[in-house]
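Visitor: Sequence:
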Amino acid sequence: MRVVPTLFHGIVDYLVGILVIALPFFLELTGGPRVVLVILGVAVILYSFLTDYELGAVRFLRIRFHLLLDALFGISMLISPWLFDVPADRRWPVYLVGALALVLAMITQIRAEGTAATD
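Just so you know, we're using my numbering here: the sequence shown kicks off at 7 and counts up by one.
The set of hints was computed from the structure by calculation and includes no laboratory data.
All values derive from a computational prediction rather than experimental measurement.
Where hints are given, some of them may not hold.
FRET-style restraints, in silico, Cβ to Cβ [claimed, not checked]:
no., residue 1, residue 2, range
1, 13, 91, 37 to 47 Å
2, 24, 85, 15 to 25 Å
3, 91, 17, 12 to 22 Å
4, 97, 66, 26 to 36 Å
5, 31, 52, 17 to 27 Å
6, 71, 109, 16 to 26 Å
7, 49, 97, 12 to 22 Å
For every residue, glycine included, the Cβ atom is placed at its ideal position computed from N, Cα and C.
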């Protein structure tokens, strides 16, 4: 059941990108975890900027591919605390963002109204 409009999804994309960039600073993470989270946050903003939906500026990536990237982002967020030794008491925000990204990817509508896509 895809109930989330792509306009709302686009707003969340940019907010999540900013949040993930800021997260390692709020959690006082250094080294690998900080670098990985900043890269993931920048990646979300970049591919959102390139997506063919209401808030995409370049409109190059189809929404289906964008949702696949969101799922990969969510999985990356879920495994990054293990891979990069995030302290156990600071993992839950990273897990929360990852889980919510996966859910949002599954419930976002496929077609964005007013986009250049034809099917």
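Visitor: Run the structure past the numbered hints and jot down the numbers of the failing ones, going up.
Guide: Checked against the structure, the only hint that fails is number 3, while the rest are satisfied.
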